[in-house]
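**Student:** Respectively, the protein sequence lines represent chains H and S.
Numbering-wise (the numbering used here), the first sequence opens with residue 1 and increments by one.
Numbering-wise (the numbering used here), the second sequence opens with residue 166 and increments by one.
Worth flagging that the hints you see were computed from the coordinates, not collected in a lab.
The model shown is predicted, which means the values in this text are computed figures rather than measured ones.
A virtual CB, placed ideally from N, CA and C, is assigned to each residue, including glycine.
Be careful, since some hints might not be right.
Label pairs and their computed distance ranges (CB to CB) [to be verified]:
id, chain 1, residue 1, chain 2, residue 2, range
1, S, Val-248, H, Leu-72, 15 to 23 angstroms
2, S, Asp-287, H, Glu-154, 22 to 30 angstroms
3, H, Asn-52, S, Val-248, 35 to 43 angstroms
4, S, Asp-204, H, Asn-30, 21 to 29 angstroms
The chain contents come next:
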Amino acid sequence: MLGPQSSLVMYDEEFQRISQLLEKLLRESNSKVIFLVDKNGQLIAASGETANLDTTSLASLTAGNIAATGGLAKLIGEKEFSILFHEGEKDNIHISIVGGRVILVVIFDQRSSLGLVRLRVKKASNDLATVFEDLARRSQEQSSSSSSSSPFAEITDDDIDNLFN
Amino acid sequence: MSFINYASREINCKIVYYGPGLCGKTTNLQFIYDKTANDAKGKMISLATETERTLFFDFLPLALGEIRGFKTRFHLYTVPGQVFYDASRKLILKGVDGVVFVADSQEERFDANIESLENLRDNLEEQGFDLDKIPFVIQFNKRDLPNATPVEELSKLLNERSVPELEACATTGEGVFETLKAIAKLVLTDLKKGG
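Kindly produce the complete structure, drawing on both the sequences and the hints.
**Tutor:** What follows is the structure, given as structure tokens:
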């Protein structure tokens, strides 16, 4: 598994696999929106009716939420609370931790149910965890091979200065 | 830590503004938000109390432009400065790429600055970071106030590592973008080293 210190790196192949898994979960759980967030608050992938959603903010708040509940868990001697559920009048949010590092968020309404979402999320979590294990392995291989493969090794000071002009 | 996405060709980095209560962390973010073009920023989120004190964090996503074909995105966070929110402060530091310490230049906040800096060091350590190694800049805020401590004195006490230090007045925006630029530069340079 990825350590807390390592950068998360996403490659095309894994991104495709993740997107497919999210699409499948969206279909099978009859939900509205699904997204995947890094525990640090970075949005990894999203699927469903995301057009009118501020996914960046959602990602950051979700990570804050998980971090806060994680803090609560530690205070009472639990490792973490792996599932959170928020019930609204129309829409509900189901949040779960996948593979210890990423957060899976499912937004659904009355067309689905908590039971169905829980069931489908469980299956999808295992599949997603496998992808993230592959990703971690690949990142490690890449970083132990020559560092010149990193596109950032050649960033110049000028490149950075140009960002602010 | 940073999130590099080859699929969407994006680099995401997390910057945290730290400092004692009422030193101007939120004001820094607010100014950046106000002065940034709409297409380069997302919504600014403030989880604050009814009296506008930060309760959990402020969040501002920024898109800075492209480097070598990669879109660079910075997520700016502030922590709640008040001493008793320490548990929340620790959480915000998770996965941080760079820290801005906003010091309150006012004489009577001298001790509060030192206490907050020590608290930053402890909380970073708890998350596995070393304040002496992480990209770090210091902003001496509220330079416009008559009771401001001389910069040399602040620098001697708060900046042992001799990191970039900037004078600012966050309410008018002076030094705010300079601070952001300084930390962004350090973070990207760190990324280049493969950190």
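**Student:** Could you see if the CB distance from S:Val-248 to H:Leu-72 stays within 15 to 23 angstroms?
**Tutor:** 20 angstroms, holds
**Student:** A range of 21 to 29 angstroms was offered for this pair. Does it hold for the Cβ distance of S:Asp-204 and H:Asn-30?
**Tutor:** 35 angstroms, violated
**Student:** For the pair S:Asp-287 and H:Glu-154, does the Cβ-Cβ distance stay inside 22 to 30 angstroms?
**Tutor:** 37 angstroms, violated
**Student:** Are H:Asn-52 and S:Val-248 spaced within 35 to 43 angstroms by their CB atoms?
**Tutor:** 40 angstroms, holds
Checked against the numbered hints given earlier, this structure breaks hints 2, 4; the rest are met.
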